[in-house]
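In order, the protein sequences belong to chains Y and C. Sequential numbering of the first sequence, starting at 0, is according to numbering that gives the first Met the number 0. Sequential numbering of the second sequence, starting at 0, is according to numbering that gives the first Met the number 0.
None of these hints come from the bench; they were simulated from the model. Take these hints with a grain of salt, some might be off.
Here are a few chain C residues that sit away from chain Y, every Cβ distance over 10 Å (derived from the structure) [stated by the list, open to error]:
id	residue
1	Val66
2	Val85
3	Pro149
4	Ala174
5	Ala205
6	Arg299
7	Lys319
8	Asp333
9	Leu339
10	Glu343
11	Leu353
12	Asp360
Derived DSS-like pairs: lysine-lysine, alpha-carbon spacing no greater than 25 Å straight-line [unchecked claim]:
id	chain 1	residue 1	chain 2	residue 2
13	C	Lys81	Y	Lys89
14	Y	Lys311	Y	Lys295
15	Y	Lys88	C	Lys93
16	Y	Lys102	C	Lys384
Cβ coordinates follow ideal geometry from the N, Cα and C atoms, glycine included.
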Amino acid sequence: MEAMKETVEESLREMRETFASGRTRSVKWRKTQLGAIIEMVKDNEDKMCDVLFQDLGKHSTEAFRDELGFVIRSATTALNCLDKWVVPKKTSLPLLFYPAKGKVISEPYGTVLVLSSWNFPISLSLDPLIGAISAGNTVLLKSSELSPNASAFLAKIIPSYLDNKAIKVIEGGPDVATILLKQQWDKIFFTGSPRIGKIILAAAAEHLTPVTLELGGKCPTIVDHHSVSKDMKSVVKRISGGKWGSCSGQACIAVDYILVEQSFASSLVDMLKPVIKTFFGDNPKESGCLSRIVSKKHFERLSRLLNDPGVKASIVYGGSMDEEKLYIEPTILLDPPLHSEIMNEEIFGPILPIITLRDIQESIGFIKSKPKPLAIYAFTNDENLKTRILSETSSGSVTFNDVMIQYMCDALPFGGVGESGIGRYHGKYSFECFSHDKAIMEGSLAMDLEARYPPWNNFKLNFIRLAFREDYFKLVLLMLGLIKK
Amino acid sequence: MTKVFEAADATNLMTELRRSFDSGVTRGTEWRVSQLKKLLIICDNHEPEIVAALHHDLAKPELESSVYEVALLRNSINLALKQLKVWMAPDKAKTSLTTFPASAEIVSEPLGIVLVISAWNYPFLLSIDPVIGAISAGNAVVLKPSELAPASSSLLAKLMEQYLDPSAVRVVEGAVTETTLLLEQKWDKIFYTGSSKIGRIIMTAAAKHLTPVVLELGGKSPVVVDSNTNLKVTAKRIIAGKWGCNNGQACISPDYILTTKDYAPKLIDAMKHELETFYGKNAMESKDMSRIVNSNHFDRLSKMLEEKEVSDKIVCGGQKDRENLKIAPTILLDVPLDSLMMSEEIFGPLLPILTVKDLEDSFDVIRSRPKPLAAYLFTQNEKLKERFAMTISAGGIVVNDIAVHLALPTLPFGGVGESGMGSYHGKFSFDAFSHKKAVLYKSFMGDSAIRYAPYSRGKLRLLKALVNTNILEVFKVLLGLS
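Chain Y on its own, in the form it takes in the complex:
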């Protein structure tokens, strides 16, 4: 580990030197790097799909949809919009300050650290990188050790496409993360669990480093069957896609559980079953379309959640597991005990609890009693319920009548609140996430008002008071000696 510490320090020194040289500030450099990211992904599509299959059993279509394609689009957006993003924002100033000028310029923080996650090891590494580069920072990426093939691949491929004096990759687990967190960074961007998020934030406090934490949480899905009954086929497809279709539920914005009225629960289960069959066939294990559980540790965690007697008794579909293949069947639970572990921690796997309520309006109270989730999904056309969800609950985002798709909308900020995180990114927000908004004001030396300076007297006090109120009429009267206090 001593050698690792030296490597980290050496990398950091080099990145700081590069940043100080000013190279990464030029728009040309940023565009070259963004272009290189696109090229890198396009040149290596097959290899990237391979490593994602090795680490997670991810199908290449899923891999392209959620990771490769997403990164290409994100980098393309940044490339196309960069000229617009870097333009200083002019601001208006009160007349009194005339002829002063004000503007806000986005400047890079400096040298930033990105800690990514194993569930989308390519996109959750490269997408923050795109933001950091767009904003003109030098950046060190630590990929997750839990997706070792993707991590090794990124460590190998990134230096051959990107400016390796400014953009570096370090592989490793918690011990490497600890070494990294001891160093001083100008910004830290982390994707992962709230537990580690707290450690990151505390470590960042040491150096007053601003932090973006992309965490998770239990994302509820409200199904108001009254108002969406004619579209129920789409509803169950979208829910199934959002639970099992993206890394087998191992996604921070995956559907965690469903809230539905008691009377409709069994119909919902009956409608979900055939969708699972259509998606993954009679034997999902062999379908090749369902990702596997990332590691033995996570498999054990999920099987422990499922083996709780109360939970086990609530299984209405699936439940089979294969430890050797790290496979868990798409599983539906009906009303597992609310105090069970599965209803109190993020599931992050292919298990879908359905919680029944007498009235769907109760879903508001249910969600409010839990930590703020990263996303709330609600299938409803009831405007009143929509308004209540929006104004009474709090979450990173709310999506009506679909799931997960908000992630693809780069006009929307993506990020959590409370337990689900701090800060946001995607599209222009990624650029802002890695920029400091520097306020710049330029005064004029030609205009100088005597009233600004001591010794103080009543005239000056009145003058300034009126100036603050922007009461220019009275101000003129005062200066002409027409009003006195």
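Mind docking chain C on chain Y? Use the hints.
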């Protein structure tokens, strides 16, 4: 203090505020407006008491109190009242082809219960200004004013209790013990103004509950003076920004000056001359300057001034009066870079001038140090202005003036690096206390099969074509031609 604030009080406070926030009362526009109007009444009806409290705590001149605390607040409240509806309105967001058909918006929602910890140097402004943001955004808020400005603290507690809704806006007075108790609670946001040392403690405490923080810290804000400037105006503005703003006890106060060897004597002469015009022959007697806040700070400043190789660098001032907590406006020339005075934020009436051979060498001096809250430049050279703005990192930059950016609600105010994180003022205050919730409204139409398993080569090709927006390829795949 009459009653002691204990752990049970802290938890009770949180329970009560949580209940109010959960009831939704603070979210309503009417509540926000009514509370802001109450704050306005405090400013309008109690200015003499505020001026008196500030005089008691800091001997702050009436004009400074009246302008930099009360008038600034009044403007800030009026702006919030005028703009609240606009700020609260959701922002429409464009949706893309991938999510079509859909509409999207960004909704500003209150974070919940927030804590504002303020400072002693501008006890009213730095307390109420963040509270304006917190209330505008619809939060319940607890204010902890600084115990180092006791008269201001108790007046704040009295007035806020008298005027504001006690179920959602509270003041807790106290020092370290009370602050520690407060920091143990789970807040939805903490807004702190003060030193970077305490800033670290605040952020560490916040980490336990994943609470976001705004830290308004300070730092050594440099002033670069080019010979190509209007000397008289420059000298006057530096003096007004240094001694005319709470006698240097301000976070955006000029901390040190950088100028060329040749120009330094001229600048010093001009400043000496203007100092006399401002504060008379004996500045220690002037009523137009605040005093040092307390004996601890007086001793800290004395220590800086008495250090070896510093005390003999005084070119103006240097007189001290511990009993009355007064230090004369003091200018020093070329103090050692490793002296205490050049290592810590001065936060007082001492102003060292460092000379450089070439003015642009001053950029390196600034860049070799932690990022300051403000960086100032006086020049008429356009190229120099541009280079300064581009290469110097600081919370904010002001060219040809000092500290005035603080009064501009259209500019975000806040630091970077050692000088803090997050920003406020005007709409930025509202944003600092809001969560920007992304909302996507989707329809049930246009449910493309490529989203779902079972996957196939065709779906993959279609996806690739979509990503590359290759419309021809999309049609080919859809029509089965490829």
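Tell me, in ascending order, the numbers of any earlier hints that this structure violates. Checked against the structure, the hints that fail are numbers 1, 5, while the rest are satisfied.
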